[in-house]
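> Combine both chains into one complex, guided by the hints.
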Amino acid sequence: MMPSNARSVPSTRPPNAAAESSPPSAPTRRELLKSTGLLTGTLALSSLLAGLAPGRAWALDLGTFSSHQGAVILAFSRHLYPHPTLDDAVYALVVKDLDSQAASDHAVQQIVLSGVRQLDQIGGGDWLKRPPALQLVDVESMQDTPFFVTVRSTAVVALYNNDMAFAHFGYGGKDGHLGYLHKGFNDLKWLPEPPDAASGPIPQD
Amino acid sequence: MAVQGNKIQFANDDADVVVVIGSGAGGGTLAGELATKGIDVVLLEAGKLTPNSAFLPDEWASFKQLAWQDKRTASGTWQVARDFPTLPAWICKTVGGTSVHWAGAALRIQPHEFKTLTTYGNLPGTNLLDWPLTRAEMDPYYDRAEDKMGVTRTHGTPGLPGNNNFKVMYAGATKLGYQQCSTGHMAINSVVRDGRTHCMQRGFCFQGCFFGAKWSSLYTEIPQGQATGHMELRPESQVVRIEHDRQGKVTGVLYYDAGGRLLRQKARLVALACNSLESPRLLLNSESAMFPNGLANSSGQVGRNYMRHTTASVFASFADKVEMFKGTTMAGIISDESAFDPRRGFVGGYHMETISLGLPFYTSFLKPGAWGADFAKAIDAYAYTAGLWVVGEDMPRETNRITLNQDVKDQFGIPVADVHVDDHPNDVAMREHGFRQGAAVYLAAGAKQTYLVPPYPSTHNLGTNRMSERPADGVCNRHGQSHDIPNLFISDGSQFTTGAAENPTLTIVTLALRQADYIAGQMGQHAI
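As given, the protein sequences belong to chains A and B, one line each in that order.
In terms of the working numbering, the first sequence opens at residue 833 and continues consecutively.
In terms of the working numbering, the second sequence opens at residue 2 and continues consecutively.
Chain B with its partners taken away, still in its complex shape (with noise of 0.2 angstroms):
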C-alpha cells in the first residue's frame, strides 16, 4: 500500500484517542491493528515522513535522511562507548522507525529462550527472568505476523534466489558440517504479495527499500491504519512527557510539533513504542510529586537490563571475486549454533547471517580509527570479500541500562539517554566462539584472510521496560501493559523480558498484534 495521507484528524482535546508513540515496527503495527478494530488513534512519530520512493543509494547519505542523530552518550567497558561514543544505536527517526532500516531477518524466539532463568540458571551477574509467556501462547499471533509480513519459507512462500555472498557462506557452511543453512526466513517478497513487488535485490536493506518489497509498517500498517477513518498519523511530532492525573492514570502527552510548537493532546489510552533508547528516557523524564522515580518505576526497572544482542562481524578475502554488495544484505542465516549447549562455555546460542557494507560503510566500520598499510590492503580486497554477522542472545544486567544523562540536554533542553553496557563474561565467550566458527566458515570456503570486526552501535536495542509475572520484578505485564499504570502500555522491543538469539522485529509485530487484541477486549469491557 502506497504512503497516503490521513482520512481524519483529531482534535487536540479529544480524551478519547488512544496514543501511540513511535510508528516503527510495535507502534505502527499496534495503530494500524487498533484502527482495523475501529479504535480511533492518534499516531505521533518524531521523524518525518519519507516515502520509499525517496530513499537513497547512498550509504551516508541515508543515514542522514533516516537515522537518529540526536544527541546520545554512552559509557561502560563496551567497545561501542569507545568507537562511537555519542553514536550508541543506529536506529531511525522517520515514519516507519527502524522497521525502515532492518534488514528483514523474521526468526520465531525458540520456546527454551522464553524459560531462560529456568534453562540458564541464575547465572552471577545477571537478571535473567522467565517471560511471563510461552512460545506456544505466541504461535496463533506469530502465524499471523508472518503471514502479514510475508515471511519467506512459511505459509507457501518460497526462499529468496542466494546471491554471491550466500554461496559463499553456504559453500563454508557446508563444508564445516552445519546443516541449518539456506536463505532464511526474510520478511521480504520472494513474489509479487500483498501489492507489493519482489525484492530486486539491490543491496541496500539498511538504507530504507527503495522498492517496498521488504515490509516495514511505513508502506504496510501505518496507510492501512489511515484508510480506515479511525488514525491520524503526526509526523515530527516528539513527545518529550507524559502526564497523570491524581488517581495514577494517564491522561495524554506534551509534544513539540514540526513547527515547535508545544501541544498537549489528551488521550484514554497512551501507547509507548519508541525503542528501547527512547521508552525508558520518556518514562524517566515523566516522573512527578506522584511517581518520583519516573513512571511506572515502582520496581526500579526502568531503563535497566539494557540488551543489544552480542554481535561481531566476520568478513573474508578471496582470490576470486565476491561482490558483497550485490543483493539482499541478510538473506543468508546459519542456525546451528542457535540452540543451548553450555558445553561451548556459555549458555544461549547464536545466528551468523550474511551481511554486506558499501566501501563507505565498510572503511568507516571494519576497523573504527585504523589507518596504515595493513588496513589499506584489506580495502583494496573490497570486491573479493565476503561477510557474516554474529548475532545472539546477551545476558540482561541490572548496572546496564539508560539514564538520564542531566549534563547534556537534547534541542528541546530534555536530559539525553545514557547507554551504560559492561560485557558479561556470558557475552564475552559467546563473541570468541562465534569469530572463531565465522572465520572458520570462511577458511572452509577458501579464504585467504578473514578480519574480526567489533560490534557496530546497536541496531537491536532490548528490554529497558520488561514484562514480568511480578511487578517487583519489571515494568509491565504479558500483555505490554505497565504493572503501575493500567492504561499506559510498552509496544516495542523494551517489553522483552530477555533476548534471544533471534533478530527482534518478527517477536515486537507479533506482541503487537497480541496486544491490540488485548487492548481492544479491555476497552470493549471498559476496564481501561
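One chain only, chain A, in its complex shape (with noise of 0.2 angstroms):
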C-alpha cells in the first residue's frame, strides 16, 4: 500500500520555471564566495550520469536557503521517493526548484524553513543525525503539514522531469523528438510478433 495524501494540492503542478534540468555545474569561486549555502557531492564512478554532468564533482549553489537546510530537504526527497542508486545530484535539483521558489514566494519560504526547522528540533538540533529508520517515521508523521505537501509536490515534478532522472530510468525523452520510427520502436523481442492483420506495413518512403 503507498501512503497518499489526500488532502495534497495537485500534483500536476507545472514545474518552476527557473528550474533547469541540467546537472548542477561544477562551483566557481564567485559562487563559493556569495551563496548562501551550497551542497556539494560527487558522483559515483559507476554512474550513468556521468557523461550527462562536466565533472565528477557537482556543487548547487543555494540562493535562500543555508548548506545545512539544504543538506535537510535533500535528505527528506530522499525518503519520499527512495530509489537506492539515483545520485544525490538528482535529489539536488529538489533543493534548486524549491530554493528558487522560496526566493519569489516568501509564504513558500516560511513553510520550508519552518518544516526544517521542525525537523531540527526532533533531531535534537540536527536532523541529519537521526538514524535513517527513525527520519522514515518523522516524515510520514509530517504528512499532512503544509511542509510535507510543498515538499512532496516540488519533489514528484523536480525529481523526475530532468536528463539525468531520464538517463536513470530509461526514458528516451528529446531523444524521440525525430521518431523512433528507425530506432526501435517495435524491437521488443521477447513476445510473439503479432500477425500482419493486427498491425500494419512499415512505411518505407
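It should be emphasised that the hints constitute simulated quantities derived from the structure, not laboratory data.
Given the structure is predicted, the values throughout are model-derived calculations rather than measurements.
Be aware that a few hints might be false.
[Stated by the list, open to error] Which stretches of chain A does chain B cover? Using the computed rule of at least three CB atoms under 8 angstroms from a CB of chain B, they are:
id	segment
1	925-932
2	1002-1013
3	1018-1031
[As the list claims (entries may be wrong)] From chain A, some residues computed to sit far from chain B (all C-beta separations above 12 angstroms):
id	residue
4	T868
5	S879
6	L906
7	A907
8	H911
9	L912
10	H915
11	E972
Where is the CB? At the ideal position from N, CA and C, for every residue including glycine.
Right, dumping it as C-alpha cells:
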C-alpha cells in the first residue's frame, strides 16, 4: 500500500520555470563567496549520469537556504522517493526548485524554513544525525503539514523531469523528437510478433 | 497543408459573417467547410497560433504551451475533484484546440449507442435519451470524415505498424481469448497522404504531432478554409458574451483580443465550439433580461448531463524491457468489451487502448499524491512497463453539470466553470470491470505486477448542450441548431446526447460536416 495524501495540492503543478534540468555545475570561487548555502557531491564512478555532467564533482549554489537547510531538504526528499542508486545530484534538483520558489514567494520560504526547523528540533538540533529509520517515521508523521505537501508536490516534478532522471530510469525524453520509426519502436523480441492483419506495414518512403 | 495567414479580413460591424467560436475538431472543421462552400466566416480562437513545427518533446513544457490553464474548479465525489481540484479537464487553448492533443483514435459510434434509452432502459439516476439521429444517417458523413482525416483501415489505408506497447497488449489479449485487437482505426497517416507525412513513431501524440501525421484542424481544415479567401482566423480572441436582439436572434459576440481590448463582432449566425466546459459556460454567462437562465436554455439542460467517459488505466511491469514511450501512443485497441452485454453487471461498453506516459507524467499520474518505497519501486520499473487506457460509456445525469462558480473569476472577471460529477453506480461497475480485464490482459502476457490508475483530468468532455428530438429534453436539434434560437448552433462534443464507448473526435468532425451542409442549405433558402 502506497501512502497517499488525500488533501494534497494538485500533483500536476507545472515545474518551476527557474528550475533547470541540467546537472548542477562545478563550483566557482565567485559562487563560493556569494552563496547563502552550497550543496556539493561527487557522482559515483559507475553512475550513468557521469556523461551528462561536466565533471564528477557537482555543486548547487543556494540563494535562500543555508547548506544545512539544503541538506535536510535533500535527505527528506530521499525518504519521499527512495531510489537507492539514484545520485544525490538528482535529488539536489528538488532543493534547487524549492530554493528558487522560496526566493520569489515568501509564504513558501516560511513553510520550508519552519519545516526544517521542526525537523531539527525533533533531531535534537540536527535532523541529519537521526538514524534513517527514525527519519522515515518523522517524514510520515508530517504528512498533513504544509511543509510535506510543498516538498512532495515539488519533488514529484523536479526529481523526475530532468535528463539525469531520464537516463537513470530509461526514458528517451527529447531523443524521441525525430521519431523511433528507425530507432527501435518495435524492437521488443521477448513476445511473438503480432500477425500482419493486426499490425501494419512499416512505411518505406 | 502548412499553417498560413489570412487572405481576407472582415470588419467588426460586418453582420453578414458566420462567427465560429473555437477552432478545434468541431469549430475548425465547420469553419473550413463553410468557407469551402463560399460562406464568409470569422473563426475566433481563445488560444495562440502555435505551428506544429514549434511543438515540444517535453511533457511539462508542452502542457504549458498548449493546455487550457485558465481557472476552473471541480466538485462532487469523483476522484478527479480530489486529485486535481483546479484541473478537472486536460484540454487545449491553442489554434486547433484539443485536436492538437488528441491521440488519434477514430471509432464510429455503434448503432445501438444512438438509442441508449431504448436499449438500456430507464436506468434509475440517469438522464438517458435516444439521439435524434441514427447511425444510418451518420454513415455517409462518417465516410467523408474518415477519408478526410486519413483514418487507418478505412478507404484502403493500411493499419499503423504495432510498437512495443502494442505487442504486449496483443500477446495478452489473444491469450485471454479476445478476438478484436489491432492497431486500430487511427486518424494518423500510416502512409504519406493528403500532403502530410506518415507517422514517425515519436511517442509524443499528446504533445501535438510535430510532423503533422496525426489529423488536427490546425494544419488541415483551418488553412484550407483560409486559402479559400472566405475565412479569417483570429487567434487570442476570447469570447465572453453572445448578444441577441429583441426578437431573440443572436446578433454577434463580445470578445477580448490579444491586446486586451473588448470588441464586438457582428454576425448573421453564431456556432459555438469551445468544448463541453466552455460552451455551456458561455451560454450561461450570456444571460439577459429576455433569457435569464442563459441563452438557449428554456429546457434548463444547458450545462447538465456532463459526461467524460468512464476511464481508468492499467499499467504493468515485466521482467524484460517494454519502453512504452517509443512510438504511437494509442495505436492498439481491444474492442471485445465494447458491445452491450448487461450480464457483466453494467450497461454500455468500453474499449481498451494502449497508452504511454513519459517519466514526468507517469510519476505525476500513476498515483496522485503518493510517495514512499512502493511508489519508488513502481517508478524503478518504468522502462519495463506497459500501459493501457479503459475508455467506456458513462451515464448522463442531470446533476453532473457545469455551473458558474460565482466565487472564482477568470482574468476578465467572468465567473469560471465548476465541473461537478458524482459517479453513477454503472460507471463504478464498468471501471472495476475494466480494471480487472486490463490487469488480466497483462497477467496473461506475463506481468510481474499490475498498477490500477485512477482517471486523469478529463480529455473527453461531452453532453452539456445535448441534442434532442423534443425541445424540453435538450438544447439543440439533430443539426446542432439550438431549439430556442434558430441562428445559434452547437458545434462541438457538447451536443452529444449520450457519450458512447468511442473516443469522440471522429463523431465531432462528422457532425460538423453534416452541420455545414445543413447551415449552407438553410442560408441558401434564407431560412437563417
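> The structure should be examined with respect to each hint, and the outcome stated for every one.
Hints versus structure:
Check result for the segment 925-932 of chain A against chain B: violated, 0 residues qualifying (beta carbon to beta carbon below 8 angstroms, three or more required). Chain B is given as covering the segment 1002-1013 of chain A, and this holds because 11 residues of the stretch bring a CB closer than 8 angstroms to a CB of that chain, at least three being needed. Counting residues of the segment 1018-1031 of chain A whose beta-carbon sits less than 8 angstroms from any beta-carbon of chain B gives 11, enough to reach three: the coverage restraint holds. No beta-carbon of chain B comes within 12 angstroms of the beta-carbon of T868 (chain A); the shortest separation is about 28 angstroms.
The Cβ of S879 (chain A) lies farther than 12 angstroms from every Cβ of chain B, with a closest approach of about 16 angstroms, so its non-interface assignment holds. At the 12 angstroms boundary, the C-beta of L906 (chain A) stays outside the reach of chain B, the nearest C-beta of that chain being 15 angstroms off. Annotated as non-interface, A907 (chain A) keeps its C-beta farther than 12 angstroms from every C-beta of chain B; the closest such distance is 14 angstroms. Interface exclusion of H911 (chain A) from chain B breaks down, the closest Cβ pair being 8 angstroms apart, not more than 12 angstroms.
Not every CB of chain B is more than 12 angstroms from the CB of L912 (chain A) (nearest about 5 angstroms), against its label as outside the interface. Taking the minimum C-beta to C-beta distance to chain B, about 5 angstroms, the non-interface status of H915 (chain A) is violated against the 12 angstroms cut. Listed as a non-interface residue, E972 (chain A) fails to keep its Cβ farther than 12 angstroms from every Cβ of chain B; the least gap is roughly 8 angstroms.
When the structure is compared with the earlier hints, violations turn up for hints 1, 8, 9, 10 and 11 and for no others.
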